[in-house]
Each structure stands twice: as C-alpha cells, then as structure tokens.
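As given, the protein sequences belong to chains A and B, one line each in that order.
Numbering-wise, the first sequence is residues 4 to 349 according to our numbering.
Numbering-wise, the second sequence is residues 32 to 200 according to our numbering.
By construction, these hints were calculated from the structure, which means they are not laboratory data.
A quick note: this is a predicted structure, and the numbers were derived from the prediction, not measured.
Any given hint might turn out to be false.
Quick list of in silico lysine-lysine cross-link-like pairs, DSBU-like style, CA-CA up to 30 Å [unchecked claim]:
{"id": "1", "chain 1": "A", "residue 1": "K83", "chain 2": "A", "residue 2": "K69"}
{"id": "2", "chain 1": "A", "residue 1": "K73", "chain 2": "A", "residue 2": "K152"}
{"id": "3", "chain 1": "A", "residue 1": "K83", "chain 2": "A", "residue 2": "K152"}
{"id": "4", "chain 1": "A", "residue 1": "K328", "chain 2": "B", "residue 2": "K59"}
{"id": "5", "chain 1": "A", "residue 1": "K328", "chain 2": "B", "residue 2": "K144"}
{"id": "6", "chain 1": "B", "residue 1": "K59", "chain 2": "A", "residue 2": "K83"}
{"id": "7", "chain 1": "A", "residue 1": "K152", "chain 2": "B", "residue 2": "K144"}
{"id": "8", "chain 1": "A", "residue 1": "K73", "chain 2": "A", "residue 2": "K83"}
{"id": "9", "chain 1": "B", "residue 1": "K198", "chain 2": "A", "residue 2": "K152"}
{"id": "10", "chain 1": "A", "residue 1": "K328", "chain 2": "B", "residue 2": "K197"}
{"id": "11", "chain 1": "A", "residue 1": "K152", "chain 2": "A", "residue 2": "K20"}
Residues of chain A placed beyond 12 Å of chain B at every Cβ, according to the derived structure [claimed, not checked]:
{"id": "12", "residue": "R40"}
{"id": "13", "residue": "L61"}
{"id": "14", "residue": "K69"}
We treat Cβ as the ideally placed atom computed from N, Cα and C, and that holds for glycine.
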Amino acid sequence: MSGNLSVGWFVLISVIKILIAVPILLGIVAYTVWLERKLVGHIQNRWGPSRVGPFGLLQPIADGLKLFFKEDLTPPYVHKALYLLAPILSLTLALTSIAVIPVGGWVTIRGARIPLQITDVNVALLIILGITSMGVYGVALAGWSSNSKYSLLGSLRASAQMVSYEVALGLSLVGVLILSGTFSLRGIVEHQLGGFWNWNIFGGGQIVAFFIYLCAAYAETNRIPFDLPEAETELVAGYHTEYSSMKFAMFFMSEYANMVTVACLASVLFLGGWSGPLFGPPVLQALLPVFWFFLRVLFFLFLYIWVRGTLPRFRYDQLMAFSWKFLLPLAIANVIITSLVVALRS
Amino acid sequence: MTPVAPTFFFYLLSTVAVVGAILVITRKNPVHSALSLIFTLLALAGLYLMLYAPFVAGVQIILYAGGIMVLFLFVIMLVNIERSQREVQFNQQWHVGIIASLALGFLFLYVYKHGSSIFPVNPVSMPEPMNTQQVGMALFRNYLLPFEIASLLLLVAIVGAVVMAKKRI
C-alpha cells in the first residue's frame, strides 16, 4: 500500500484521513438523530423537530449544547472507575471500526496512490468483528458498575443478545468470504465492481445472508425490534439508566456510530461498496464512488428508521428463539449451499 | 524473518500479559479479575500479530476476549460481590503450589537451553494475504483428525451443558 511512500508521508496522510473521516462520522451521527426524529415524526403524523433552524436542521447542535451543559451527575453508589470507563470504551470502539471501512477507490496525488480508507488491512473484516465483540463490554460494564437493578438487567439482556446474534452475524458473512476469498474489505468490493449483477446480493446469490445480516445487525445495535436492553416500558432506559449529561451522550453517539458502521459494512459486503456509473472530469471520477457509497449508507440508515417506525418490539424469549432456532440454521444452510455452488463451479 | 514491529512492542505486550495474569489471581473483586484476564488475552492477540498470524490474532479477540470472557463476566455480574469479597482468597496449599511451579519453571528452562532442535531455525515466512488460507489448509489437510476430535469434544460439552441446565428434556 505504502510502497512508494515514506513513513513520514504515510503517517501524515493517515492523520489527515482521520481528521477528515471522524468529524464526518460524527456529523452523520448527529444528523441521523435529526433524520430519525423527523422521519418517525412524519410516520406518526407529526412534524418532528421544526423550531431550531429551517426544517429543524440546527436541532442536533442545540441537543449537543444541552448535553454539554447539563449537570454531570455521578450517583454515590456506583463503582467509580468502571462507571467512567464504560461510556469511553463504547464510544472509542464505535469510532475505531470506521478506520478499516473503504469509502471509495484510489486517488493519485503527485504519483502516490492513496486508498480512500484510513487503513487498508488484509484482515479488515476480522478487525471489525473483533471491535464489535469488544463493544459488548461497554454495555456490560455500564450496567454492572451502575449498581442498580434496571441497569444490571438491561446490560444482562444486552450482552446475552449481542453474544447470541454475533454468531448468526459472523456466519452470514462466511458466504461473502467464500465468494471473494479475502478478508480485505477493499478486495471484497473490488470483487463486486462492474454492474449491479456482480453485487454479492444478486450475482453471488447472498440475498438470504443479507437478510440474516440485517436482522443480526439490528440486534447488535440494540435497535427496534430488538431494543430489549433499553425497553423503556420495562427497564427505564436499560444499561444507561444511571448516566447523565455527556456520559449518556457518549452511549447515544456510540449507538448511532455503530449503526453507521453496520450500514457501511452492509454496503461493502452485499451491495457492491462504491460501485456505480463514473463520468466527467478526473476530480469527479475520484469523488463519485464516495457519493455512491454514501447513497447506500443513507439508504440503510433510512431503513433503520423506517423499521423503527413500523415494527413493535419482540418478547425476550422470541428474541432468543429467533436467533438460535431460525437465523443460525438458516446461516449454516447458506454457508453449505454457497460453498457447494462455488466448489461445483470451479 | 524480520519482526513486524520493534522489540519494544514485544516487551510492552508481554508486560501487559504478565501483569494482567498476576492481577487475575490477586484481585478480590471477580469483575476486576475478569477485566485483567481480558487485557492478558488482548496482549496475547498482539503477540500473535507480531508473529505474522493476523487470523489467529483476530480469532483470539473475537472468541476469547469478545465471546468467552463476556459469558464469564455475565455469570460474575450475577454473583453477590460483597459476600465473595469477605471470603478467604488464598488457600493453604503452598507446598503443592511451589513444587508445581518449580517443575514448570525447570521445564521452561530446559526447553530454553536445549530445545533449539525442536523449533525450526528459520520459520517459514508466510505472505500476509495467504495466512488465513494456510491455516485452513493445515487444519483440513494435515491435522484433520485432531480437528475433528476437538469439534466432537466441544459437541459433547454442549450436550452436557444442555443436560445439566435443563431439568426435563
């Protein structure tokens, strides 16, 4: 990757990419909240936020200011160190996984080919799975260290749910891995370039895997219909009941950042990443893939909100049965069929 | 084979692993012990990465640090911490402990002094993209029987766990 770059340049370019990518991610997070409130409002025949700025567009900024200036309350009965660590862990891990997501092809600046991705590693998919599996600790520790019943119950539910759905999630990706033969997200996208019939969801026949991935991803990010860890009618707010101000905001941001990561991953793995028609001058040709990629991400975020506005919540035993008795066998069947097809074709 | 990172990282990760392992047995709060164990497992994953084994490192994080330890923590969170903190942490079996650790220490020392014939002098360096394929090839070609025996063992463990957990099947 950095074959023609010295170490200094490599570090500099990486820092620049981080400085561009993280604010964009945080911006998307803020405006996904706005989009969600607006869309759910319209689904429920309301207006949603409409007072702050045109169409309520400045609402995220107002919310952010409010959360900054709220009193930061630490209940006296918590386990201090872990109580502080939990939100930091959640947000850090949620922001880290964006590092391996490729948002576009290559750009050539002064003869150096730079990938539109913070870092292009060979085992990117494993890294993302590892980071999401570590993300459980943020939730688990938050619940335990809060030393309150609602929090503990919420975090127990969350960790059981996340561990269960991780199995189905991991297995749903195996089909894609068999088809492309690499863990590198860039390699997986490059395998799907050249038209929508090459996308894994159509050409690879991974539509079942896509469905499993979506269900498991919704459960991993604790979204409706799988939002039992924070079911407000039963558990107040679940694992973050005892958190206020910025600490609460960090959990909130990490949930939405995880949603964005999941959306990015779905686009990369199943919908051909940044593939799309290219035209115009070189600058446009370099930036169009990024646009196509963000269009897909936006579609997934919209889907998230749409589902939230439509579906009711599962019961807890239904949730577990759905993962272990339905998604898991389906995922295993998909792995077997995909590998059979690949083996017979070659 | 040139190391993937300077020796400094080896010492750093080893220190994290060893200190984490010591904290696992010295902490009185089981949640703190579990967290120290997570740090040890993550440091081991880092050491695997330094040995050009990204797949093993990834699986180490996903399965051990992210999967098994979550279940550990899950059980510990339900335990009454106040009561467990009052219990005696170390038992009185010093003699057996000293003998066992001395035996293990001598074994390590022996391998370190005379074991150079066991280990290959020049380990085969694998190109990084091929690493996962190589692991798969090794598992399904050379070590198929041990692999299947291990999976059978795991299956037995799962069935056993279900039998123990369910009163009526």
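Now for the hints, and whether the structure bears them out:
no.	hint	result
1	A:K83 <-> A:K69	holds, 24 Å
2	A:K73 <-> A:K152	holds, 24 Å
3	A:K83 <-> A:K152	holds, 17 Å
4	A:K328 <-> B:K59	violated, 39 Å
5	A:K328 <-> B:K144	violated, 53 Å
6	B:K59 <-> A:K83	holds, 17 Å
7	A:K152 <-> B:K144	violated, 55 Å
8	A:K73 <-> A:K83	holds, 20 Å
9	B:K198 <-> A:K152	holds, 28 Å
10	A:K328 <-> B:K197	holds, 17 Å
11	A:K152 <-> A:K20	violated, 43 Å
12	R40	holds, 32 Å
13	L61	holds, 39 Å
14	K69	holds, 32 Å
Going down the numbered hints, you'll see the structure goes against 4, 5, 7 and 11, while the others check out.
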